[in-house]
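S.K.: Sequence:
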Amino acid sequence: MATKTAITAFVLGAGMLLGGCATLTPEDQAKLDKALAAADTASKAASQAQMDADKARMEAKKAKDEAALAWTTAEKAKWEAQKAREEANSSAEKSKRMFEHSLHK
Numbered sequence: 002m003a004t005k006t007a008i009t010a011f012v013l014g015a016g017m018l019l020g021g022c023a024t025l026t027p028e029d030q031a032k033l034d035k036a037l038a039a040a041d042t043a044s045k046a047a048s049q050a051q052m053d054a055d056k057a058r059m060e061a062k063k064a065k066d067e068a069a070l071a072w073t074t075a076e077k078a079k080w081e082a083q084k085a086r087e088e089a090n091s092s093a094e095k096s097k098r099m100f101e102h103s104l105h106k
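The numbering of the sequence shown is the numbering used here, which starts it at 2 and goes up by one.
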């Protein structure tokens with residue numbers, strides 16, 4: 002809201018001076034200066050907010066990448082555990098068959 006007021010005041014003041022229809026009174030000049038200062042402050046705040054948003058976006062991307070890596074690592078560990086279980090079951094089955102075969106001799 003302050004930005005719109007400042008821009009309006011600036012445009013109005015500049016138009017009046019360029020158009021030659023009036024000169025600014027000291028009070029109007031003070032209002033214009035105050036409006037310009039408010040616009041500058043708002044601009045700086047907007048720039049800071051943009052930088053903060055960019056930083057947050059980068060941190061979110063980093064967290065997303067780390068989560069994706071953790072997911073991939075967990076999936077790999079799950080696959081390796083499943084493979085180890087299957088190998089253990091196969092080995093146990095083979096040992097069972099060998100034991101049963103030795104009993105029948």
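Wrong hints could be hidden among the right ones.
[Said to hold, decoys possible] Simulated crosslink set (DSS-like; lysine-lysine; CA at most 27 angstroms straight-line): (1) K45 <-> K65; (2) K45 <-> K62; (3) K45 <-> K56; (4) K62 <-> K77; (5) K63 <-> K84.
The set of hints was computed from the structure by calculation and includes no laboratory data.
S.K.: Taking only the CA atoms, is the gap from K45 to K62 under or equal to 27 angstroms?
M.R.: holds (26 angstroms)
S.K.: Take a quick look at whether K45 and K56 sit within 27 angstroms of each other, Cα to Cα.
M.R.: Answer holds: K45 to K56 is near 17 angstroms, not above 27 angstroms.
S.K.: Holds or violated: K62 and K77, Cα atoms, limit 27 angstroms.
M.R.: holds (23 angstroms)
S.K.: Take a quick look at whether K45 and K65 sit within 27 angstroms of each other, Cα to Cα.
M.R.: Not satisfied, since the Cα-Cα distance of roughly 30 angstroms exceeds 27 angstroms.
S.K.: With a cut-off of 27 angstroms on the C-alpha distance, tell me whether K63 and K84 pass.
M.R.: Violated, at about 32 angstroms.
Comparing the model with each earlier hint shows violations of hints 1 and 5; every other hint is respected.
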